[in-house]
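Asks: Below, each chain spelled out in residue letters.
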Amino acid sequence: MSKLNVPRRTLLLGSAALAMAPAAAFATSSPDIGKPAPSFSAIDSNGKTWSLADLKGKVVVLETTNHDCPYVRKHYNANNMQDQQREAAAKGVVWLTVASSATGEQGYVTAQQANDLTRSRNAAPAAVLLDPQSKVARAYGATVTPHMYIIDANGILVYKGGIDSIPSSSTADIPKATQYVRVALDQVLAGKPVAEASTRAYGCTLKYPKTSS
Amino acid sequence: MARFLAFLLVLMAGPVLALPAFAQASPAQSAVVTTENVRSELVSEVATVKAGEPFWVGLRQTIRPKWHTYWKNPGESGLPTEITWKLPDGARADPIVWPAPILFDIGGIINYGFKDESVLLVRITPPADLAGPLTLAAEANWLVCEDVCIPEEGKFELTLPSGTAATLAPPATRTLFEQARRAVPTASPWPARYGVSKAGDPTLLVEARGLKPDAISDIYFFPAEWGPVATMARQTATVTPEGIRIPLKKGDAKAALPAQLAGTLVLTEKTADGTVKQAFDVSATLDPAFVPAATASLANAVGAEQLSLVQALLFALLGGLILNLMPCVFPVLAMKAAAFARLAGHERSEMRRDGLAYTAGVLASFAAMAGVVIAIRSSVGEVNWGFQFQSPVFSLLIAYLFFVVGLNLSGVFEIGSRLAGVGQGLASRGGTTGAFFTGVLAVIVATPCTAPFMAAALGFALSQPAPATLAVLLAMGLGLALPYLALSMTPALQRLMPRPGPWMDRLRQFLAFPMYASAVWMIWVLTQQTGADGVLYALGGMILIGFAIWLLRLGSGATAGTWVRRGIAAAAVLLAFSATLKLDQSPATAASASGGSNAGVSFEGWERFSRARMAEAVAAGKPVFVDFTAAWCITCLVNERVALEVPAVRRAFEQAGVVKLKGDWTNRDAEITGVLKELGRAGVPLYLFWEPGADRPKILPQVLTESLILSELSSIQQAKR
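Same order as they appear, the protein sequences are chains A and B. With the numbering used here, letter number 32 in the first sequence gets 32, and the count goes up by one each step, no holes. With the numbering used here, letter number 530 in the second sequence gets 743, and the count goes up by one each step, no holes.
To be clear, the hints were calculated from the coordinates, so they are not data collected in a lab. Bear in mind that the values here come from a model prediction, so they are computed numbers and not experimental data. You may find that some hints are simply not true.
Going by beta-carbon spacing under 7 Å, a handful of chain B positions derived as facing chain A [said to hold, decoys possible]:
1. I319
2. G320
3. F866
For glycine and all other residues, C-beta sits at the position ideal for the given N, C-alpha and C.
Excised from the complex, chain A in its bound form:
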């Protein structure tokens, strides 16, 4: 909308060579199911570096988050997200919550804030990755929070989409909805193909950095 035509600083510097190739604002493609999942490397709220390459042999869940988003709150207030994180951990799945809001945007958290949120919400992810430049989100073409991804032990993307089947902000809908991620994880761990591998993710628009640089 109105924010799209931000004059690029590179141009004002008069750097002609740089100005020749303005960066695309957003990669419009999301990775395909059945293909190797995009690699990433990010630091978590305790300073540990996580990269997908190191997680070979484990099933990985990615959950984009923005703690102020009403849809994220829906699943945390009802303990749905925390329950699924615990179930996953019990089955040896690595659940990574990714705070992908850009610096200054709604949902941006410092390491301290991320840890406080984990404590106050009694959440149980393997780690909260800090992604203030939305690099992980961009690599996966995430559009909303929460946007969910499952990567199997061979590093193949096997699920992308919503947390469940009823797009609403009401916690009352959670018991009625199909919990896509839970169902898909069971199938992956049982060595079966995921029946619904791509669903519509619903939630708040992911808060990418405003300027493309």
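Go by the hints and put chain B onto chain A.
Replies: Chain B alone, transformed into the frame defined by chain A:
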């Protein structure tokens, strides 16, 4: 006023009903629900209902400026507004009838929805045995977003009295419903079908035959539901003789594409009285026989530039500056330099006047060009840079001009000789007028040099409203004039200029040769446009012009002999110019029609570009390089010499199995013009590179180097391993 009209209407409808209806403050509206970002109310089109007779209500929402709510398919994020009804037994509410949505691009994430105000229409059928008032209760949920999203909700209740006949709501309310209905898409008057490419991407074809491509713009297909079609992909619809064709990207849903692909088609039509936005509900049938060529979509080309006005102005200024160094402007500039050296040592004010006059000449020409572009565009609808050079008449006249300027520099005739009416005469005349026309001349010869940086700015200029077109072209003119203007304004720089002396005459005579060379080049361009005959007319015309100049130099005065000579000279010049008439009758598109046998653009080792061929090669998973070029484009020719046709690059192309396509834009070519336009370019050169299996091309810079091409090719070689 509205109430008074309602009163009158009710009086006419029947005196019995009049008083109660009038007494109720607002019988057809619920209480207003005001949430943080939206003001909502439930409105009825009728004041009283009749048992069993359907009527319409609307959820009217006034949305906070810059915020938006969502359509039935909200796009990549967001949620559609929902209404849950609580109705008495036997009553029924149909699904929401949605107005046509608009597109929101939030940092690249595409949403479909509404801003400012929306009315969601719902048809209500009261119970057949309704007695007494009908109470409609509704709970609505909506998501309203700007940068952040807030789910909001409201409860509405509307009680309508019943009667033996339904009566309408006040006129203001009815107007609201009329407007709401106009915002709803109408059923498509044309059949539609869609096909799926081998890569799985659907292409929609709305069979609206005979539309005028120029009159239709801003075409967009809003898919009715999430899944079959990727809402994130940019759409580039084209109006073809078969109808409106919209290549789409397949969506993320795993399910096979549906038998019917439904959605809303929005477009803007230019009519005699302005533009009209139209929306149609389309349901396209899957046609297995229709297999779109490939996903060779130019949309989302990597490196395609979308500029803001400020950027375009900067690019234009830079482009104008660089024009000074281009080979086609150089002779004119050299001439200017000679004139300047002559001025050295003169009064500073004179210098300044000279610089200003030159700048004025340049700007006036660019303004005139902008005027022509705007005029042509408003009548024809499309203009391209370098279009002048697609006209053989223009090429011939420029060749003559170069020739005459060259003769002047050689000293065949002197400055100030009376050749009024001939442009070069004015340009070589001393003083302010001369400086002005030198500026004009510089612009005329500068146009074929689409210098780097200029293409994007020009593409922008030509696609913008008139004021922006003018601004961009003037910025470019300023860039062209800037070096000389700066020189004339700055005594410090002037001191660096050499002193005048006999060297000046020698320099002037020397400068004639680049002029002759330019004339030769123009004639060569002419032959590409007209075939070998062009040489005959051009060189013949030059002899006539030379003859005329010789006659005029034989003597002056009012003797009878002088007048005869002048008459003959005028006839010779006329004859030379009459060649232009002949040119238009000759096969002007020889190069493109004859398959390139005499094309100045060499096709050796290259295939002729066509969209179909490109799509085919891309679909086959081959790397494809496309070179859009023209005989009159110097940058193109230089790129070919230094980067594309050097042995190392040729070999690398061959080893990588690259399909090399060349599009020749020397003459008008609608297909190439279309491609340029799609990529936001107004002219050549343009280089596209499709990596194997890529669904979009990469746009390479306008100035190519050998190493650049080789590194592009080596990246695909590595990918192969």
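Asks: All hints, please: hold or fail.
Replies: Hints versus structure:
The interface hint given for B:I319 is met, as the beta carbon of that residue sits about 5 Å from the closest beta carbon of chain A, less than 7 Å. Because the beta carbon of B:G320 sits about 5 Å from the nearest beta carbon in chain A, less than 7 Å, this interface hint is met. The interface hint given for B:F866 is broken, as the beta carbon of that residue sits about 23 Å from the closest beta carbon of chain A, more than 7 Å.
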